[in-house]
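Asker: Listed below, chain by chain, are the residues.
There are 2 protein chains.
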Amino acid sequence: MSRTPATEAPRRLHLNVNILHSGFVPSAWRLDDADPRAFVDVEHYVRVARLAESAKFDAVFLADNAAIIDQIDFRPITALEPTVLLASIAAATTHIGVIGTASTSYNEPYNIARRFATLDHVSHGRAGWNVVTTADLPSARNFGHDAVPDHAQRYARAAEFTELVKALWDSWDDDAFIGDKASGRFIDVAKVRPVAHEGRFFKVQGPLNLPRPPQGHPVLVQAGGSGDGRDLAARHAEAVFSASQSFEESAAYRRDLNARAAAYGRLRGVQVLAGLTTIIGATEAQALRRRDELVDQIPWRYSLARLAGILGISPDRLDLDARLPENLALPNGGNGNHTFFHATLAEARRGGHTVRELIRTLAGGGGHRVIVGTPEQIADDIEHWFKGEAADGFNLMPDALPDGLEAFVNGVVPILQRRGLFRTEYEGNTLRSHLGLERPGVRVGATGTELERT
Amino acid sequence: MSRTPATEAPRRLHLNVNILHSGFVPSAWRLDDADPRAFVDVEHYVRVARLAESAKFDAVFLADNAAIIDQIDFRPITALEPTVLLASIAAATTHIGVIGTASTSYNEPYNIARRFATLDHVSHGRAGWNVVTTADLPSARNFGHDAVPDHAQRYARAAEFTELVKALWDSWDDDAFIGDKASGRFIDVAKVRPVAHEGRFFKVQGPLNLPRPPQGHPVLVQAGGSGDGRDLAARHAEAVFSASQSFEESAAYRRDLNARAAAYGRLRGVQVLAGLTTIIGATEAQALRRRDELVDQIPWRYSLARLAGILGISPDRLDLDARLPENLALPNGGNGNHTFFHATLAEARRGGHTVRELIRTLAGGGGHRVIVGTPEQIADDIEHWFKGEAADGFNLMPDALPDGLEAFVNGVVPILQRRGLFRTEYEGNTLRSHLGLERPGVRVGATGTELERT
Numbered sequence: 001m002s003r004t005p006a007t008e009a010p011r012r013l014h015l016n017v018n019i020l021h022s023g024f025v026p027s028a029w030r031l032d033d034a035d036p037r038a039f040v041d042v043e044h045y046v047r048v049a050r051l052a053e054s055a056k057f058d059a060v061f062l063a064d065n066a067a068i069i070d071q072i073d074f075r076p077i078t079a080l081e082p083t084v085l086l087a088s089i090a091a092a093t094t095h096i097g098v099i100g101t102a103s104t105s106y107n108e109p110y111n112i113a114r115r116f117a118t119l120d121h122v123s124h125g126r127a128g129w130n131v132v133t134t135a136d137l138p139s140a141r142n143f144g145h146d147a148v149p150d151h152a153q154r155y156a157r158a159a160e161f162t163e164l165v166k167a168l169w170d171s172w173d174d175d176a177f178i179g180d181k182a183s184g185r186f187i188d189v190a191k192v193r194p195v196a197h198e199g200r201f202f203k204v205q206g207p208l209n210l211p212r213p214p215q216g217h218p219v220l221v222q223a224g225g226s227g228d229g230r231d232l233a234a235r236h237a238e239a240v241f242s243a244s245q246s247f248e249e250s251a252a253y254r255r256d257l258n259a260r261a262a263a264y265g266r267l268r269g270v271q272v273l274a275g276l277t278t279i280i281g282a283t284e285a286q287a288l289r290r291r292d293e294l295v296d297q298i299p300w301r302y303s304l305a306r307l308a309g310i311l312g313i314s315p316d317r318l319d320l321d322a323r324l325p326e327n328l329a330l331p332n333g334g335n336g337n338h339t340f341f342h343a344t345l346a347e348a349r350r351g352g353h354t355v356r357e358l359i360r361t362l363a364g365g366g367g368h369r370v371i372v373g374t375p376e377q378i379a380d381d382i383e384h385w386f387k388g389e390a391a392d393g394f395n396l397m398p399d400a401l402p403d404g405l406e407a408f409v410n411g412v413v414p415i416l417q418r419r420g421l422f423r424t425e426y427e428g429n430t431l432r433s434h435l436g437l438e439r440p441g442v443r444v445g446a447t448g449t450e451l452e453r454t
Numbered sequence: 001m002s003r004t005p006a007t008e009a010p011r012r013l014h015l016n017v018n019i020l021h022s023g024f025v026p027s028a029w030r031l032d033d034a035d036p037r038a039f040v041d042v043e044h045y046v047r048v049a050r051l052a053e054s055a056k057f058d059a060v061f062l063a064d065n066a067a068i069i070d071q072i073d074f075r076p077i078t079a080l081e082p083t084v085l086l087a088s089i090a091a092a093t094t095h096i097g098v099i100g101t102a103s104t105s106y107n108e109p110y111n112i113a114r115r116f117a118t119l120d121h122v123s124h125g126r127a128g129w130n131v132v133t134t135a136d137l138p139s140a141r142n143f144g145h146d147a148v149p150d151h152a153q154r155y156a157r158a159a160e161f162t163e164l165v166k167a168l169w170d171s172w173d174d175d176a177f178i179g180d181k182a183s184g185r186f187i188d189v190a191k192v193r194p195v196a197h198e199g200r201f202f203k204v205q206g207p208l209n210l211p212r213p214p215q216g217h218p219v220l221v222q223a224g225g226s227g228d229g230r231d232l233a234a235r236h237a238e239a240v241f242s243a244s245q246s247f248e249e250s251a252a253y254r255r256d257l258n259a260r261a262a263a264y265g266r267l268r269g270v271q272v273l274a275g276l277t278t279i280i281g282a283t284e285a286q287a288l289r290r291r292d293e294l295v296d297q298i299p300w301r302y303s304l305a306r307l308a309g310i311l312g313i314s315p316d317r318l319d320l321d322a323r324l325p326e327n328l329a330l331p332n333g334g335n336g337n338h339t340f341f342h343a344t345l346a347e348a349r350r351g352g353h354t355v356r357e358l359i360r361t362l363a364g365g366g367g368h369r370v371i372v373g374t375p376e377q378i379a380d381d382i383e384h385w386f387k388g389e390a391a392d393g394f395n396l397m398p399d400a401l402p403d404g405l406e407a408f409v410n411g412v413v414p415i416l417q418r419r420g421l422f423r424t425e426y427e428g429n430t431l432r433s434h435l436g437l438e439r440p441g442v443r444v445g446a447t448g449t450e451l452e453r454t
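Residue numbers (the numbering used here), protein chains in the order written: chain P, 1 to 454; chain X, 1 to 454.
One thing to keep in mind: the hints can contain errors.
Taking CB as the label site, the calculated pair distances span [unchecked claim]:
(1) G179/X to E406/P: 19 to 29 Å
(2) D316/P to R200/X: 34 to 44 Å
(3) L330/X to I178/P: 48 to 58 Å
(4) G265/X to P325/P: 50 to 60 Å
(5) E43/P to E293/X: 39 to 49 Å
Keeping only pairs whose Cα atoms sit at most 20 Å apart, straight-line, the calculated DMTMM-like set for lysine to aspartate or glutamate is [to be verified]:
(6) K181/P to D173/X
(7) K56/X to D403/X
(8) K181/X to D403/P
(9) K181/P to D146/X
(10) K56/X to D32/X
(11) K191/X to E425/P
(12) K181/P to D73/X
(13) K203/P to D256/X
(14) K56/P to E425/P
(15) K387/X to D256/X
For the record, the hints were derived by calculation from the structure and aren't laboratory data. Glycine included, every Cβ here is placed at the ideal spot set by N, Cα and C.
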């Protein structure tokens with residue numbers, strides 16, 4: 001079988017920073033240097049983004065929820081709306097990509113197509129959209145529902161939604177703009193078309209009311225771990241934000257995802273960016289001490305409630321000095337977040353942890369991998385995962401921000417650069433160029449078809 | 001009858017600039033100095049905003065549509081989504097307010113509450129929301145409708161929507177944030193409440209997932225000219241963007257609006273900011289020449305189609321050298337834009353214009369007042385309207401941008417300042433302070449009640 005040119009291109013390591021307000025660890029805001037108000041301070045986000053840009057990161061990433069879904073008596077949450085915040089970040093940076101999360105369950109496709117196209121215009125081609133279906137009940141209750149819409153239905157809506165958003169981005173040809181002062185012709189209206197979409201969930205006439213985004217399509221990112229989620233990612237995503245606790249799980253996930261993508265004719269595959277929390281010290285002992293100090297500042301009742309929430313059980317069933325209960329089933333009959341459930345269980349089994357040890361290992365988090373060590377140890381781990389094809393890059397969630405990212409940028413990035421794993425300069429100006437993704441051509445025809453415009 | 005302290009405070013003139021892409025006149029993009037791509041160039045908007053800020057304007061204003069509703073073969077349209085664009089503008093300015101338009105017919109209240117609250121946070125208290133119900137068919141067809149929702153229903157939804165958005169902004173007390181590192185208390189959850197709204201159009205549990213906006217509420221702006229529109233403005237708006245062709249009409253509109261506001265117990269009334277297009281020359285003859293040159297660059301078939309659209313008739317019924325047809329009725333059985341229909345008819349009757357003269361007088365526009373003259377003449381007109389209480393200020397729509405605003409800033413603003421009508425420095429840092437508006441306290445209770453929290 002002949003190899004496509006795409007697979008012969010050298011793989012490049014990608015690094016994003018997920019600006020989780022004060023940092024990944026729930027107690028990060030309590031550090032001496034931390035500003036507790038950082039979660040609503042635009043200057044904090046700009047500072048972190050500039051630091052990431054100074055290290056030539058691919059992108060900043062903003063998670064999102066459409067409700068309060070954590071215990072705000074103990075910790076900050078994702079609060080500021082991502083597209084507005086990312087526009088502020090884009091105005092203060094020049095190269096780094098800006099990826100924001102938005103839900104397909106609680107938005108209209110026309111509005112999302114337009115907001116991310118606008119973000120792509122104002123950032124001159126640096127926008128990405130992280131497509132989520134939103135699994136929690138509090139969000140559902142902010143949009144007229146009494147219960148979370150069914151998992152399969154959410155993903156069916158997400159698939160139609162994403163297809164439609166792409167069609168709206170393609171409703172203008174790249175060369176539709178004329179702007180000829182002499183003749184007075186402004187737009188070539190033959191190159192602007194309705195989408196005339198009529199599907200199961202949406203009926204949208206189009207066209208979009210703004211020219212095609214600089215990148216053609218803002219980069220599509222997804223994070224689904226369930227079968228439906230993987231299928232959506234395989235069909236549409238150009239990068240996934242994954243949550244795997246072990247090299248083997250991540251490698252298997254990456255193989256599965258790329259096989260699914262190939263089945264959709266997407267031979268270039270999908271970039272797997274593994275979620276990774278780093279806790280860095282000059283020595284391993286110092287790093288472990290930092291982790292323990294951070295974890296000791298999280299009230300146990302917070303951590304127990306959070307872990308119980310991920311597992312879909314009552315906190316009463318958790319005993320700090322015992323292992324997890326047996327026979328746990330997906331929360332809410334499977335109609336919740338599969339990814340964090342599986343990743344948390346896997347880590348508990350792998351380590352044989354008590355609940356207390358599990359919470360410590362997860363640094364008070366729930367699902368994402370936490371690595372504690374020296375810059376050299378972390379660089380070794382990243383190299384192992386990257387070269388072993390368990391990941392194409394990492395969505396970093398430093399323990400605390402900005403100082404956890406500073407430690408990474410000053411300690412780990414130079415090692416990765418010396419080893420030839422990570423760029424020392426940006427080669428282009430768009431998020432697509434950082435991620436090595438082609439600019440998509442315009443596809444016309446009914447949404448859902450794959451007809452390339454000639 | 002005793003006068004309230006509010007009415008004794010000296011009235012202050014307010015000036016906004018409506019950044020209508022290349023400018024108000026449809027041919028503005030064809031001027032020698034114009035960049036035809038300005039409508040999608042964030043730097044253009046930033047340049048105009050900085051110019052307005054240098055002249056101490058109250059705010060920049062962005063209109064919006066959720067569809068292509070003008071003839072893009074001849075002219076630019078509002079394209080970039082306002083909240084994302086305003087975040088870019090806010091990042092490049094320090095004092096000027098940022099007011100954006102968003103539709104209550106094609107959005108969810110939770111999302112709008114969140115986006116404008118975020119804009120208020122990232123701009124440190126400079127955000128305003130222009131509430132519109134969106135009267136056009138192309139927009140309706142981008143959101144699953146075959147026809148424009150009924151006028152009364154749109155306004156009923158808008159009233160419930162606006163009430164609910166305010167309730168969501170009030171779902172956090174101003175002092176809910178603690179952030180005490182020693183005790184580990186982050187938010188006082190007793191000061192964060194659900195809204196538990198269940199109305200005719202919406203069911204939203206709340207609370208909002210971010211702290212109360214710096215201004216309490218972003219400033220509420222409205223532009224309705226119909227009875228329903230005036231009622232919505234009287235109940236909720238702190239400023240209206242009006243369209244009146246004559247001093248008498250505007251004064252009558254302002255009296256009517258303030259009487260309606262008083263009936264809702266709002267004794268401070270509503271700031272009336274009249275739409276005003278300026279075409280400025282060193283002499284009146286020069287200004288008229290500029291207008292005619294601009295109008296001559298607009299194809300007549302464009303202007304006829306646009307005027308016919310506002311009047312809800314076929315362009316065949318318009319004869320350039322005759323007056324408007326008699327017995328015109330509100331377009332679409334009254335289910336469209338009342339404001340521009342009435343204002344255009346009023347100007348045609350007042351001037352006794354032929355269609356050609358009417359289009360020239362309106363500078364190719366449709367509804368908003370156009371004033372052509374020297375800086376002195378324009379300053380006189382503004383002073384007359386302001387002192388005569390026909391308006392509290394103006395939403396300026398310069399003929400072309402940025403040069404039409406430069407002419408206003410360099411020519412008209414110094415005259416207004418010399419006459420003591422307009423500020424020479426900002427007195428505060430928020431849009432509320434520029435507009436002389438109080439910061440609203442938190443109101444709790446079922447939405448729709450007016451119970452002040454004690």
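Asker: All the hints need checking, so say for each whether the structure fits it.
Answerer: Hint check:
1. G179/X to E406/P: 19 to 29 Å: At roughly 22 Å between Cβ atoms, E406/P and G179/X fall inside 19 to 29 Å, so the hint holds.
2. D316/P to R200/X: 34 to 44 Å: holds, 41 Å
3. L330/X to I178/P: 48 to 58 Å: Since the Cβ atoms of L330/X and I178/P sit about 36 Å apart, the hinted range of 48 to 58 Å is violated.
4. G265/X to P325/P: 50 to 60 Å: At 58 Å between Cβs, range holds.
5. E43/P to E293/X: 39 to 49 Å: At roughly 46 Å between Cβ atoms, E293/X and E43/P fall inside 39 to 49 Å, so the hint holds.
6. K181/P to D173/X: violated, 54 Å
7. K56/X to D403/X: Holds, at about 17 Å.
8. K181/X to D403/P: The given pair, whose Cα atoms are some 17 Å apart, holds under the 20 Å limit.
9. K181/P to D146/X: Roughly 37 Å separates the two Cα atoms, so the pair is violated.
10. K56/X to D32/X: violated, 28 Å
11. K191/X to E425/P: Not satisfied, since the Cα-Cα distance of roughly 48 Å exceeds 20 Å.
12. K181/P to D73/X: Roughly 12 Å between the alpha carbons, so the hint for K181/P and D73/X holds.
13. K203/P to D256/X: violated, 40 Å
14. K56/P to E425/P: holds, 6 Å
15. K387/X to D256/X: holds, 18 Å
In the structure shown, a violation is registered for the earlier hints numbered 3, 6, 9, 10, 11, 13, in ascending order.
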